[in-house]
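Asker: Produce the entire structure from the sequences given, and follow the hints as far as they go.
If you read the sequence shown in my numbering, its first letter stands for residue 5, the second for the next number, and so on.
What the hints contain is simulated information worked out from the structure, not anything from laboratory work. It cannot be assumed that every hint is accurate.
To be verified - Pairwise CB distance ranges, derived in the manner of DEER restraints:
hint, residue 1, residue 2, range
1, Pro50, Leu146, 32 to 38 Å
2, Glu32, Asp145, 32 to 38 Å
3, Val17, Pro290, 52 to 58 Å
4, Arg119, Ala277, 42 to 48 Å
5, Ala33, Lys92, 41 to 47 Å
6, Ala277, Arg60, 38 to 44 Å
7, Ile31, Tyr79, 27 to 33 Å
8, Asp122, Arg143, 28 to 34 Å
9, Thr77, Pro232, 34 to 40 Å
Claimed, not checked - SDA-like, lysine to any residue: derived pairs with alpha carbons at most 20 Å apart:
hint, residue 1, residue 2
10, Lys163, Glu213
11, Lys92, Ala126
12, Lys92, Glu244
13, Lys163, Ala190
14, Lys163, Glu286
15, Lys92, Asn249
16, Lys92, Leu131
17, Lys92, Arg81
18, Lys92, Phe246
19, Lys92, Ile124
20, Lys163, Leu179
21, Lys163, Phe173
22, Lys92, Phe247
23, Lys92, Val102
24, Lys163, Glu194
25, Lys163, Arg217
26, Lys92, Ala125
27, Lys92, Ser128
28, Lys92, Asp127
29, Lys163, Pro181
30, Lys163, Ala178
31, Lys163, Gln185
32, Lys163, Arg211
33, Lys92, Glu103
34, Lys163, Gln202
35, Lys163, Gly184
36, Lys92, Asp122
37, Lys92, Leu134
38, Lys163, Ala198
39, Lys92, Ser132
40, Lys163, Arg215
Ideal Cβ placement from N, Cα and C applies to all residues, glycine included.
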Amino acid sequence: IALGVVGIFGLLVVLSGLVSRGVTRPIEALSAASREVAAGTGAVPPTPRTGAVEIRALYDDFRAMAERIDRRTGYLRDFAAAVSHEFKTPLTGISGAVELLQDHFDTMSVGERRRFLDNIAADSQRLSQLVTRLLDLARADLATPEVGAEAEIGPPIRKAADAVAAERFVVEVALDPDVGQAAVPALTLETVVAVLLQNSRQAGATRAEVRARQTPDGVVIEVADDGPGVAPGDRDRVFEPFFTNRRAEGGTGLGLPIARSLLAASGGRLELAASGQGACFEIRLPPG
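Answerer: Right, dumping it as structure tokens:
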């Protein structure tokens, strides 16, 4: 009996050591690392080799989560800096015009007063436009997939083309006969195509073509134009919020980020494709 008791206690000691080494210590280390990561002062420790399979999986998942949070934090930091810069310019213009009107209103001519008031109105309109587009971007970033959403490819594309086409901007739609449905809301597809066509028209293009074809992985839509295209140095930045070469014409640089976020919510993608002339964007949609 005594030997049995000693053996049982010895087995318990061995089991407790194994549990401590394979479960308790790794969890305590991960818990401490999570507090440090939350405080922004630490990093995720390496996955323990002696840990249980579930513990190693937990470490890998936590590391992936921490990396994603870090990327998101960097995005928010850069986004906040960009928002501050975009809002600062019109606010500075409004403040300067108001100060001049307050100090020299009585000595200004009617034309000078009108000019400063027009500047204030233009800057206020830009601020309002920025706020509206930021709300659109926030909704797009927070959008969730619609369960069972499917859309015919043709009607949303033709509706967007009809809405954007003008006397000096011709839009042609070419759909392959075998193009089917895509797992994306019709409104999302219409909005994305409209954004791309509006960008083409604002860039100075006179003609755009929307082509759609069926592939084993889904539907591919190309929106190409005969405009000046995208400069090689800007190709990696076109999807950055607030990046635009048409700020003087009222561009906010938020159209493409909104379009990409809307597609991402439904499992789609938006990329800048290679083109010999003009700009060409490629939309990839999951099959319906």
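Asker: Taking the earlier hints as the rules, which of them does this structure contradict?
Answerer: none
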